[in-house]
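Q: We have chain P; now place chain X onto it with these hints.
2 protein chains.
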Amino acid sequence: MGCHVHNGLIFFSFTYILVGMNRTRTRKNPDQTRQNLVQAAYWEIYRHGFRSAGLDRILAQAGVTKGALYHHFPSKTALGHAVVEEIIQPLIHRIWIRPLETAESPLEALAAIGQAMEGNLSAGACELGCPLNNLAQEMSPIDEGFRKRLDTIFQLWREAIARALREGQQLAQVRSDIDPDRSAAFIIAAIEGSIGMAKNTQNSEPWRACKEGLERHFESLLMA
Amino acid sequence: MGCHVHNGLIFFSFTYILVGMNRTRTRKNPDQTRQNLVQAAYWEIYRHGFRSAGLDRILAQAGVTKGALYHHFPSKTALGHAVVEEIIQPLIHRIWIRPLETAESPLEALAAIGQAMEGNLSAGACELGCPLNNLAQEMSPIDEGFRKRLDTIFQLWREAIARALREGQQLAQVRSDIDPDRSAAFIIAAIEGSIGMAKNTQNSEPWRACKEGLERHFESLLMA
Numbered sequence: 001m002g003c004h005v006h007n008g009l010i011f012f013s014f015t016y017i018l019v020g021m022n023r024t025r026t027r028k029n030p031d032q033t034r035q036n037l038v039q040a041a042y043w044e045i046y047r048h049g050f051r052s053a054g055l056d057r058i059l060a061q062a063g064v065t066k067g068a069l070y071h072h073f074p075s076k077t078a079l080g081h082a083v084v085e086e087i088i089q090p091l092i093h094r095i096w097i098r099p100l101e102t103a104e105s106p107l108e109a110l111a112a113i114g115q116a117m118e119g120n121l122s123a124g125a126c127e128l129g130c131p132l133n134n135l136a137q138e139m140s141p142i143d144e145g146f147r148k149r150l151d152t153i154f155q156l157w158r159e160a161i162a163r164a165l166r167e168g169q170q171l172a173q174v175r176s177d178i179d180p181d182r183s184a185a186f187i188i189a190a191i192e193g194s195i196g197m198a199k200n201t202q203n204s205e206p207w208r209a210c211k212e213g214l215e216r217h218f219e220s221l222l223m224a
Numbered sequence: 001m002g003c004h005v006h007n008g009l010i011f012f013s014f015t016y017i018l019v020g021m022n023r024t025r026t027r028k029n030p031d032q033t034r035q036n037l038v039q040a041a042y043w044e045i046y047r048h049g050f051r052s053a054g055l056d057r058i059l060a061q062a063g064v065t066k067g068a069l070y071h072h073f074p075s076k077t078a079l080g081h082a083v084v085e086e087i088i089q090p091l092i093h094r095i096w097i098r099p100l101e102t103a104e105s106p107l108e109a110l111a112a113i114g115q116a117m118e119g120n121l122s123a124g125a126c127e128l129g130c131p132l133n134n135l136a137q138e139m140s141p142i143d144e145g146f147r148k149r150l151d152t153i154f155q156l157w158r159e160a161i162a163r164a165l166r167e168g169q170q171l172a173q174v175r176s177d178i179d180p181d182r183s184a185a186f187i188i189a190a191i192e193g194s195i196g197m198a199k200n201t202q203n204s205e206p207w208r209a210c211k212e213g214l215e216r217h218f219e220s221l222l223m224a
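Chain order of the listed sequences is P and X. Under the working numbering, the letters of the first sequence match residues 1 to 224, in that order. Under the working numbering, the letters of the second sequence match residues 1 to 224, in that order.
So that you can see chain P by itself, here it is in the shape it has in the complex (with noise of 0.2 Å):
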């Protein structure tokens, strides 16, 4: 079974913006120009990792010369982080965090993780992966400006988690003797792994079965 990925939820948005910038392209605009060179970036580290990624594919892509680049960006690091902080992190709030913020029960926000993996099922993420933890696999070891960035986003995760279970147990829906803290962590590497585990096989099967595992988890939080 394939997955493909650029047909989707995850996916659909950027594809939108990247209709946008070719649009925008000729316009000389110093914002657009910044901002086409980080969408572009984005998309070639997702296919290829930081430390692969093309510069002059991008440059391409973004229709920019390396010249603007620079103006930019004093270096491929700093285009690099750029595509973290402005792509990566509210791409994740929008998936994975909004979600659970929006709930209107701790209930509703354990189910919420559910549909946003089911929606990630979908859009066929199995084929390249989170690109949260892509780049964390990647570069947490060699750059501390990625690892800080990148950690910054999964303790904004974690911690919305760690809150809907600490609410959960407000109300006695969630067991009280778990640590929301800790519990939120594990929740966190079980999706990571999965999309993982979905990105060795390219396709979505143990996908499913990581999900089924997850909803088994989250049953055993509640109280009985």
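Just so you know, the hints here were simulated from the structure itself, not pulled from any lab data. Keep in mind that a hint or two might mislead.
In this list, chains with the same sequence are indistinguishable; a pair is considered to hold if it fits within one copy or across any two.
[As the list claims (entries may be wrong)] Below, in silico cross-link-like pairs of lysine to any residue (SDA-like), each with a Cα-Cα straight-line distance of 25 Å or less: (1) LYS148 to GLN202; (2) LYS76 to LEU55; (3) LYS76 to GLN202; (4) LYS66 to GLN32; (5) LYS148 to SER204; (6) LYS148 to ARG208; (7) LYS76 to THR65; (8) LYS148 to ARG34.
A: Showing chain X alone in chain P's frame:
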């Protein structure tokens, strides 16, 4: 809390092999040359990833010439595939699969997974992550030769866990309403995700949290 890759359970026997390698460097034994190359490549790939692995550093570490390299391996990719088959597969077998095979009961097998997690924690794979999952995340989408070899290892691991769960069901120790194979996929995802979380923070805190989560998950699989 920092971690050190070279001290501890996982890496100890490889350190031993590396010591042996230096001693035999001058013998010009073709088998030994080949083995030195694969071992040096393992460490270089583990530290830098496959695409950023430096052939010059591998040659210097192995103490062999480029000519000798191409005598044994037609390409860097072929050398990388040998690393998966000859180093990573036995490593994963020793740490994660054999303890399941030698366990005297299904419950002991599940406990052995927790012990392997603890061993990893002490060994400090939080700095550089899991060599199996690192390569899977980097290479699965772009090299089918890597992907299939890595997938073989994941499948062996998954089957070993699934077997323990099936035996547990037969003994009425594990709940009959879980699917052993799918559950095994989730357990591996959770383990690999946990190692990845620790790699991102570069410390063991999330790993401890995840180990607790995994133990709670095991409890949820058992008959009440």
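Q: Are there hints from earlier that the structure breaks, and if so, what are their numbers?
A: none
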